[in-house]
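Chains as they are written, first to last, in full-length UniProt numbering: chain H, 1 to 428; chain U, 1 to 384.
The set of hints was computed from the structure by calculation and includes no laboratory data.
Be careful, since some hints might not be right.
[What the hints assert, rightly or not] Here chain U is said to cover these stretches of chain H; the calculated rule only asks that three of the stretch's residues, wherever they fall, bring their Cβ under 8 Å from a Cβ of chain U:
no., region
1, 25–31
2, 47–56
[What the hints assert, rightly or not] Not everything, but these chain U residues come out facing chain H in the computed CB check (under 8 Å):
no., residue
3, Gln61
4, Leu121
5, Arg124
6, Ala127
7, Ile138
8, Asp146
[Unchecked claim] Calculated pairs, EDC-like style, for lysine to aspartate or glutamate (alpha carbon to alpha carbon, straight line, at most 20 Å):
no., chain 1, residue 1, chain 2, residue 2
9, H, Lys19, U, Glu303
10, U, Lys181, U, Glu140
11, H, Lys49, U, Asp147
12, H, Lys49, U, Glu182
13, U, Lys101, H, Glu153
14, U, Lys89, U, Glu43
15, H, Lys49, U, Glu140
16, H, Lys49, U, Glu179
17, U, Lys102, H, Asp29
18, H, Lys19, U, Glu152
C-beta atoms are modelled at their ideal positions from N, C-alpha and C, and glycine is treated no differently.
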Amino acid sequence: MKQREPPKFPCKMEMEVDKISNLPGHIMDKILSHMSLRDAVRTSVLSSKWRNKWITLPHLVFDNQCILGSSQDQTFVKNKLVNIVDHVLLLHTGPIQKFKLSHRDLQGVCDIDRWILYLSRGSVKEFVLEVWKGNRYKLPSSVFSCQKLIHLELFNCLLKPPSTFNGFRSLQSLDLQHITMDQIVFETLIASCPLLERLTLMNFDGFTYLEIHAPNLQFFDVGGIFEYVNFVNTFQLAIVSIGLYVDVGYEHSLTHGNTSSLINFFAHLPRIQRLEVQSYFLKYFADGNVPERLPAPCIELNYLSIRMNFNDMEETLVVLCLLRSSPNLQELEMLARPEEQTDVGTATSFCEKDYQNCLFNQLRLVKIAGISGLRCEMDFIKFVLANSPVLERMTVKPASSDGGWELLKELLRFRRASVLAEIIYLDP
Amino acid sequence: MSEGAMAVVKPEMKSYIWLQTADGLIQQVEEEVAMFCPMICREVLQTGMGSSKTYAISLPQRVNPAILGLILDYCRFHQVPGRSNKERKTFDEKFIRLDTKKLCELTSAADSLQLRPLVDLTSRALARMIEGKTPEEIRETFHLPDDLTEEEKLEPLRNMTDDPRIRLLNRLYARKRKELKEREKLKNVEVEEERVDERSVDDLLSFINGGDGDSKGVRCTKNKKKNRRRKDQPRDSSSNNENGNHQKELNGLPSACQNGEVDDVPSQSKTLNLQDSASVPFSPKLEFDDGDIDDELDPAMKEELDREVEDFARRLNSVWPERMQEILSLGQERRLVPISMNGNGSLKTYTGMLLIKLNLRQLCPFSYLSLLVFFFFFENFNLD
């Protein structure tokens with residue numbers, strides 16, 4: 001019954017030619033990890049030497065590629081996916097360093113609980129779960145006992161750690177998108193990951209107060225609806241991208257009195273190098289007193305991107321404050337909020353003095369997009385050109401081509417402090 | 001004159017590192033090139049070796065002189081600072097155009113020298129040679145022995161799904177195999193069947209694909225060494241015969257094809273037409289030969305086998321739609337597209353599958369099974 005087919009080559013020659021089967025295990029793992037899990041598992045029928053090569057693969061990635069073709073039948077796909085994960089986990093041996101589950105038809109099924117429980121007994125370092133369909137998947141408590149986790153990435157999940165949860169002591173990178181958790185859970189989660197270096201938060205609910213207590217944090221990317229952000233002990237934070245998805249209005253000044261949210265924000269960001277202020281977050285800065293400049297300048301800040309309403313006096317003051325406080329800025333991007341650029345800007349006029357005391361000694365690249373040629377916008381461009389002695393390139397891209405010619409003619413006339421500066425006009 | 005001499009001497013002023021490969025060969029290599037390998041760098045810094053011929057650094061066993069040459073080429077290019085990413089990428093792409101044997105040796109050698117970027121590059125290249133390929137193609141690429149029996153190949157499947165159909169398939173397969181062996185012994189001549197037996201699943205697939213527009217059998221290139229005789233006789237002269245043959249086969253088809261699904265299938269005559277165009281790549285002779293062999297079987301056994309195959313086919317058909325889905329999607333990836341003759345998808349699907357059955361029945365039971373195994377494999381081993 002078990003007779004083997006005669007090998008196609010004489011043994012000696014085979015050894016000579018078949019180099020790949022004799023490569024060391026860690027190289028084999030490397031080769032197999034460069035292909036989809038499906039391809040890797042399929043190698044087990046190649047030959048007797050390949051039978052068990054894949055089973056020590058340290059990275060298990062179950063994504064769209066692990067099922068061929070998409071079926072409309074949800075339960076069919078679900079059953080198949082569950083079957084695959086079950087069997088791969090059953091056949092697999094050795095440590096699993098990375099486990100990623102992200103299939104476009106995946107719903108938050110209870111089978112995931114079982115897999116997480118299994119993983120939590122090992123030493124999984126990277127765990128990625130993306131539930132693309134259905135309601136938030138409630139994570140089982142076992143996930144909170146994965147103490148070896150270095151990277152955790154969750155999409156469409158509900159986090160409710162057990163009372164015994166003591167934080168992820170090794171976690172360096174946390175990516176949470178479309179998640180739900182309580183205010184208190186969020187605060188303790190962040191504060192109890194002492195090694196956290198990267199934090200991404202997108203589209204969350206259940207908490208509105210972003211208290212970020214993370215001494216090792218270097219990267220923070222947040223986008224969503226929140227009321228307040230407070231950095232505590234974030235002295236390593238270098239890259240911040242922050243977007244507030246709703247126009248909060250000014251009722252906040254009542255809640256926070258007359259303390260400047262701008263000053264509070266930067267108080268614990270001495271090392272900031274790149275800052276992106278997206279959506280309506282500039283309005284948050286405009287809340288409360290806006291000083292002429294920050295108490296301590298952002299010495300290391302070299303990249304600044306701001307989405308603003310050029311017509312809004314408050315916002316303009318914030319931008320000027322930021323620019324005055326960033327002596328080493330090299331790259332500046334200004335994006336107009338298109339929905340607010342429609343009204344005629346003659347009502348707000350800038351005093352020349354607003355633009356004084358401001359010299360961009362390091363500014364090399366400027367990008368301006370979404371403008372419509374309003375007075376205030378042109379004044380801003382004029383001001384930047386006149387105060388940037390080492391400017392190399394300014395790119396201007398209006399929101400629409402209406403009035404583009406007029407805009408160009410005006411651009412041409414502006415004096416430039418830098419002899420090297422070129423102005424590039426991009427068609428919308 | 002003296003300047004010229006200086007120019008010749010000048011390179012000598014450069015620092016060199018002495019390296020010794022496992023076969024005893026010693027050579028000197030520019031320091032900045034050699035130091036690009038972390039293993040050599042560490043050796044130089046920690047032990048001070050490599051400064052002269054007598055203190056040459058012995059390289060690991062896995063680095064033979066030919067491979068060392070390649071590695072040094074790699075280091076020589078990449079140690080130069082200021083190259084753009086694009087330049088590096090272009091170099092890398094050219095660099096890995098090697099045969100699989102060299103590529104494997106290079107991976108292993110780079111690993112032993114701890115040259116991580118090169119290990120990444122080569123292992124990625126090796127992975128690309130494996131992903132998306134059929135087991136046959138991979139075996140051919142890397143000269144792997146096909147030393148697993150069909151039962152063994154199916155073993156993981158048995159673990160994965162306790163599907164009675166797979167057990168049945170296994171049993172059937174074993175029986176067919178035994179039977180073929182016996183027949184071989186009995187006849188002790190080089191019959192056609194032997195060669196048919198050798199035909200891989202790939203051949204069958206290309207055969208099935210033969211109908212979709214390239215009746216010239218373009219896809220056969222891979223299997224040139226395998227048996228693929230084509231009679232270049234004019235098609236008209238043989239078509240009658242073929243037709244007759246098909247007709248006979250069709251009538252003798254497992255009932256599964258005639259009840260149930262057949263309602264959804266185009267009329268039999270249409271199927272026959274499709275069939276004709278699809279069977280071009282194969283010699284009609286072959287089919288007749290197979291017919292002969294079939295006839296020489298012990299009638300009782302033949303009947304029994306037929307019944308079993310029929311039964312199997314019926315079971316196979318029981319979850320037809322999803323199976324077709326899979327086979328279809330499978331087809332998209334490995335270019336196994338059912339013959340596209342008539343417009344709508346479902347029609348294609350069914351005719352395609354029916355065709356497979358028809359032709360396979362004609363080939364020989366063994367091949368028929370191997371294709372079923374193939375389907376089973378790709379469908380159930382479903383990281384597929």
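Hint-by-hint comparison with the structure:
1. 25–31: holds (count 4)
2. 47–56: Answer holds; 5 residues pass the 8 Å Cβ test.
3. Gln61: violated (12 Å)
4. Leu121: violated (10 Å)
5. Arg124: Status holds, d = 5 Å.
6. Ala127: OK, holds: Ala127(U) within 8 Å of chain H, min 3 Å.
7. Ile138: holds (6 Å)
8. Asp146: Asp146(U) check passes; min Cβ-Cβ to chain H is 6 Å, inside 8 Å.
9. Lys19(H) with Glu303(U): violated (47 Å)
10. Lys181(U) with Glu140(U): violated (26 Å)
11. Lys49(H) with Asp147(U): Between Lys49(H) and Asp147(U) the Cα gap is close to 9 Å, so the pair holds against 20 Å.
12. Lys49(H) with Glu182(U): Not OK: Lys49(H) and Glu182(U) at ~30 Å, beyond 20 Å, violated.
13. Lys101(U) with Glu153(H): violated (39 Å)
14. Lys89(U) with Glu43(U): violated (29 Å)
15. Lys49(H) with Glu140(U): holds (15 Å)
16. Lys49(H) with Glu179(U): Distance of about 29 Å is beyond 20 Å: violated.
17. Lys102(U) with Asp29(H): holds (19 Å)
18. Lys19(H) with Glu152(U): violated (23 Å)
In this structure, the hints that do not hold are numbers 3, 4, 9, 10, 12, 13, 14, 16, 18, in rising order.
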